[in-house]
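K.L.:
Chains as they are written, first to last, in numbering that gives the first Met the number 0: chain G, 0 to 237; chain L, 0 to 343.
Be a bit skeptical, because a hint or two may be false.
Here are the computed lysine-lysine pairs in the DSSO-like style, where the Cα-Cα straight-line distance is at most 30 angstroms [said to hold, decoys possible]:
(1) G/K64 / G/K182
(2) G/K91 / L/K187
(3) L/K18 / G/K110
(4) G/K73 / L/K187
Hint data in this document are derived by calculation from the structure and do not stem from the laboratory.
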Amino acid sequence: MIVLETQNLTKKFGGLTAVNAVSMTINQGDIVGLIGPNGAGKTTLINAISGLNPPTSGTVEMFGKETTGLTPEKMCRLGLSRTFQIPSPFPKMTAMESVMTATIFGNPAGKITDPVAHSREMLEFVEFPMNETVVAEQLNTVQLKRLDLARALASSPKLLFMDELASGLSEGELKDIMRIIDKISKKGISILMIEHIMQLIMAVCNRLLCIQFGTKIAEGPTQEVANDPKVTKAYLGE
Amino acid sequence: MDTTTNDLNMNLFDRVLDKLCLTPIGLAGLILLLLLPFIPPFNQEYMLRWLIYCGFVAAMSVGFDFTAGYINIVNFGYMAVAGTGGYTSALLVINAGLSPWIAMLAGGVSSAVLGLIIGMISLRLRGIFAACLSWFFGLAVMGLATKMVWLTRGPMGLRTPRLFETESNFPFYFLIIILVYLIYLICKWVVRSKMGLAFQAIAQNMDAARTSGINPVFYRVFNFTMSCAIAGVLGGFYAHFYGILTPDMMHTSKTVEILAVAYIGGRGSLWGGAVVAFPFIFLMEIVRSTLSHLPGLNLVIYALVLILVMIYYPGGFSYFYDTHIRQPKNRALRYFLNGREAKA
Chain G
0 MIVLETQNLT
10 KKFGGLTAVN
20 AVSMTINQGD
30 IVGLIGPNGA
40 GKTTLINAIS
50 GLNPPTSGTV
60 EMFGKETTGL
70 TPEKMCRLGL
80 SRTFQIPSPF
90 PKMTAMESVM
100 TATIFGNPAG
110 KITDPVAHSR
120 EMLEFVEFPM
130 NETVVAEQLN
140 TVQLKRLDLA
150 RALASSPKLL
160 FMDELASGLS
170 EGELKDIMRI
180 IDKISKKGIS
190 ILMIEHIMQL
200 IMAVCNRLLC
210 IQFGTKIAEG
220 PTQEVANDPK
230 VTKAYLGE
Chain L
0 MDTTTNDLNM
10 NLFDRVLDKL
20 CLTPIGLAGL
30 ILLLLLPFIP
40 PFNQEYMLRW
50 LIYCGFVAAM
60 SVGFDFTAGY
70 INIVNFGYMA
80 VAGTGGYTSA
90 LLVINAGLSP
100 WIAMLAGGVS
110 SAVLGLIIGM
120 ISLRLRGIFA
130 ACLSWFFGLA
140 VMGLATKMVW
150 LTRGPMGLRT
160 PRLFETESNF
170 PFYFLIIILV
180 YLIYLICKWV
190 VRSKMGLAFQ
200 AIAQNMDAAR
210 TSGINPVFYR
220 VFNFTMSCAI
230 AGVLGGFYAH
240 FYGILTPDMM
250 HTSKTVEILA
260 VAYIGGRGSL
270 WGGAVVAFPF
280 IFLMEIVRST
290 LSHLPGLNLV
300 IYALVLILVM
310 IYYPGGFSYF
320 YDTHIRQPKN
330 RALRYFLNGR
340 EAKA
């Protein structure tokens, strides 16, 4: 089943075309890696899909329904959730309150009977290393990323975007995050992840999408794309 | 040593107190305020007038903090919004013969409409830009009140009937104390509900809030409209207490007075401004009346205190209270300051 499909998705900022006619599909159960050099337009692409920065042209379809340009809150209700490159859930809230926010507002009314228990479950699921009463602004980046992930999962998504979840992690933390990604996938959530760490990409992604200067240059099974000369060239130059 | 019934009573008392959003010390403070006009020297009429003004500022600062402390938009036109309510109320009483009590509520409605308009327009703006927009709106409304002499009598002042037909200030004092508390209670109830979570989420991280399913349009406009409605009712009180309205009351310097009290009290606490207003504004009134040959001195003091608070205690009085006073060793004292603490 196709979870998400984009057709010729384009995002222009004035004269600059940040994303240029990108078409892609994400199938149920996929873990798609979105790769590309810095400034290629990866974050802009997922912003355009998730509605934070609506596309200039092209279409987005989720579960066969057109969702182009819908607001992020509507996309959230349809089952799309995301984490942020610079994780900053709600700085003055406790971990529990941050996750509660998404639990309460991200789910249809009445679906979650006990928001506290649900939020606690999410924090345990991402193996949040701190007490749930800790205030977010006191956390370090690794802890914030876990919290942001718990927040994103709390709205019961069917498709999850992860924006550089693993950047800056140590070897051991990388292993933990791989295990968590695996757990998320086993819950039946499809994943699109922006990532630079090839080790992680090769280990968890079943498909890759590579963009450069806003244009898609390769899409397909992980090994195939990783060995594609165009992709190597984009990263390493001639 | 204590019996079961006693324990049950305690629990009921605690539960009621919790519903009323008060701690034992808060209740004591409220009772003290209600007794104040019977204690010399506060039982003199001119002192009472000052205290009523303190109460007015206290109530305004609660409404102001509801927006500034929760959705992070500083409404620089807050007194102008109150003035709109005041003028609406006064004009309805004078021209339509309405009872001042009903007119006061109508003033709240008119301010709410103004708040709705400002809220809608400022939707796409963040932080300082939304503050400027509300400020300009305030200036425009004040300009209208000054220029539309045929309706408002402009700077000559509009005479308005008072709420109570007595010379005494006593009933007004009790009314404003009740208003302070009611406004605090309503704001606190809203903030305690899931709406409070949405307000904070929007203020702290708009993008994360939106991707978590929060519709910022609704919550921002709701918050703004509600705080403006509060200002409108209070504006009506102001009009029917002083008995005269001039466009001066809408001046930005008056808003700054409220802002100063709300910030010194502590942003996002609601109660901080209300508590600080009484001693602070009262002192300011004393300064103003004793040093009347130095007009504007009180504004200099506002600025100084505000700067000191911003540098040393950006959290304001409520933060100071929470970190240094709230957790004493003594259990009885602890209960007095916090009430029965909810178990996690």
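K.L.:
State for each hint whether it applies.
P.N.:
Hints, one by one, checked against the model:
Between G/K64 and G/K182 the alpha-carbon distance is near 28 angstroms, which keeps this suggested pair within the 30 angstroms criterion. With a C-alpha separation of about 18 angstroms, the suggested pair G/K91 and L/K187 falls inside the 30 angstroms cut-off, and the hint holds. Distance hint between L/K18 and G/K110 is fulfilled; the C-alpha atoms sit about 27 angstroms from each other, no more than 30 angstroms. Between the alpha carbons of G/K73 and L/K187 the distance comes to roughly 29 angstroms, so the proposed pair stays at or under 30 angstroms and holds.
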